[in-house]
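Top to bottom, those sequences are chains A and B. Going by this note's numbering, the first sequence opens with residue 1, and the numbers climb by one from there. Going by this note's numbering, the second sequence opens with residue 1, and the numbers climb by one from there.
For the record, the hints were derived by calculation from the structure and aren't laboratory data. In this text the structure is predicted, and so the values were computed from the model without any measurement. Wrong hints could be hidden among the right ones.
Because identical chains cannot be distinguished in the list, a pair is counted as satisfied if it fits within a single copy or across any two copies.
Said to hold, decoys possible - Computed cross-link-like contacts, PhoX-like style, restricted to lysine-lysine with a CA-CA straight-line distance of at most 25 Å:
1) K29 / K3
2) K3 / K225
3) K29 / K51
4) K195 / K29
5) K28 / K191
6) K70 / K28
7) K28 / K71
8) K3 / K302
9) K51 / K195
10) K71 / K191
11) K191 / K29
12) K198 / K29
13) K71 / K225
14) K225 / K51
15) K302 / K71
16) K198 / K71
17) K191 / K70
18) K302 / K225
19) K70 / K198
20) K198 / K51
21) K225 / K191
22) K191 / K3
23) K51 / K28
Listed below, chain by chain, are the residues.
Protein chains: 2
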Amino acid sequence: MNKKRPGGQTAELPSRPCLLSWASVVGKKESEGPLADTFDVASQDDTFGEKSWEKAESAMQKTALSTALKKANLAPGALDYLLAGDLLNQCIGSAFAARDQDVPFLGLYGACSTMAESLSLAALLLDGGFGAHTAAMTSSHFCSAERQYRTPLEYGSQRTPTAQWTVTGSGCVILGREGQGPRITHVTTGKIVDKGIKDANNMGAAMAPAAADTILAHFRDTGRKPSDYDLVITGDLGQLGHQLLAELLNQQGLQLPNLADCGTLIYDLNSQDVHCGGSGCGCSGAVLCGLLLNGMRDGRWKRILFCGTGALLSPTSTQQGESIPSVCHGVAIEQERQGA
Amino acid sequence: MNKKRPGGQTAELPSRPCLLSWASVVGKKESEGPLADTFDVASQDDTFGEKSWEKAESAMQKTALSTALKKANLAPGALDYLLAGDLLNQCIGSAFAARDQDVPFLGLYGACSTMAESLSLAALLLDGGFGAHTAAMTSSHFCSAERQYRTPLEYGSQRTPTAQWTVTGSGCVILGREGQGPRITHVTTGKIVDKGIKDANNMGAAMAPAAADTILAHFRDTGRKPSDYDLVITGDLGQLGHQLLAELLNQQGLQLPNLADCGTLIYDLNSQDVHCGGSGCGCSGAVLCGLLLNGMRDGRWKRILFCGTGALLSPTSTQQGESIPSVCHGVAIEQERQGA
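Next up, chain A with everything else stripped away, as it sits in the complex (with noise of 0.2 Å):
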């Protein structure tokens, strides 16, 4: 059987792989903002007890899987494959995270989509039939992405208003091929957008027209209508990425009542002072394995459209003058009906 269609970019799951349990790990400014109770973790010392930012950050994702793990009433070894990613050169949040762990380990680089492009490949690889459980996490860490990709924290450099404040989180969901709990049924692969946008201070620009493609791409190739989704929601547009976002989706008739961005959900825009709202790997992953996944099952939302947004950038190609790749992740995830 061929589960996806030659030019489309969604590949249909027909085994629905289940959402078992998920887990968020966030820092102090999160603990401080509206998703505040949707947290499992939320640490008052972003060093999470660590010596450096980079150890803090491999220290939340370990503690994220072993939170979702226990949730799922799982050891590390049941694991089939653990798919992680983060932003830190050579994604080493993930590696020394994943080291102590003793599973099967992929690891992804996607930037910010990371979560939605390991939910991805996790679905993907239980619903071919390769194993019964499967975790996909990701991180991201204020202080440890401000220093590599911008300056350096005691520099104090003001930031434009374009700019988002990278969350400090970690999200991690446990997969099953059997069990109860959201079920994933589609999975849109995002292609490379590119439309020339330059500045790495307004990524949520950079963002929006590869969000518009992968979104686009999954309405047309699932025959899904706007009302068929609860929410359709993107990872890290942020305040003005959203609302572009809207205007392409607009352009291309396509309108979204349910749409929303991770990004200005997690902090408060006004009060906080994040500007655009939140970015990172850790911003898409504390929300879905936070107030997401929670909503589904408590009966908020029935059905979602989980869009991880990344900008495939680094510190080396902006000075070299070049524009930003932006990519897309769509992940359709279903709440079962009581008692089906």
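Since chain A is already given, all that's left is putting chain B on it; use the hints.
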């Protein structure tokens, strides 16, 4: 059907995805080595006509992809997924190469194991029923790697005897659910292994235990014997790592008479001043997509186990005193019997 036993690391691929075509692109030094005749494109200009080493690396990937597609007589639009990664921060070698391809893109980070990781996932997706064609690709470039991981080229730093030389090269494989060519029968996904080696100039020693772990898992999971393979070949352990691997396997009672390493084959270790041999994603990528797959096509080997080895460190993790987590992914490739 579950194609992977719980607790094992090996997936069996009943559909045996086919390697339809492959292409290798290398630089000047590689074109002066013993494998010169096996590469599709060997440039005498390591800039590949670009203005930076990073752009040169992307150009190599683009050439590898277009060459492989041409050999398979396919347009980029025929690809259901492109899986690629490289060593550069934020994997810009791959992102900028994939930007112009109009193909669903999944970015990977497996350090120098990326050729095996991308091949693994490209095969698993096809066997899972997700599309008809996939591509697996990677690259490395001596000049972009040297300045990112070590010192500015102009500095002319002296190299330790255990050091290896990052290959300027790229490899790309086009896979099909159907067609003619060598076939992937098993994929053994590695766990992260870290025996505490901290010397970033001795990555062979860091990676050898990971290679041993995955090779032992492959034989344990499949019940195969060493004589079932004409060749078991690692990616870039180099001379020292290769010797360590043989010792580690011997200690576990596994003698592999046909054990080799891409890193010791790609250069003449006596005359090319590369110390312990070649390294980098492009090392195993270019050797797979030249010597190895050409050799299978020509009847030199019937069955090989291709084991990409990766050291998941970063300069930051080394500066913070960390040891080197390593990983190795194994892919069993089998040439179709004539007339079968």
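Report task. Of all the hints given earlier, name the ones this structure violates by number, lowest first. Result -> 1, 4, 5, 11, 12, 13, 14, 16, 19
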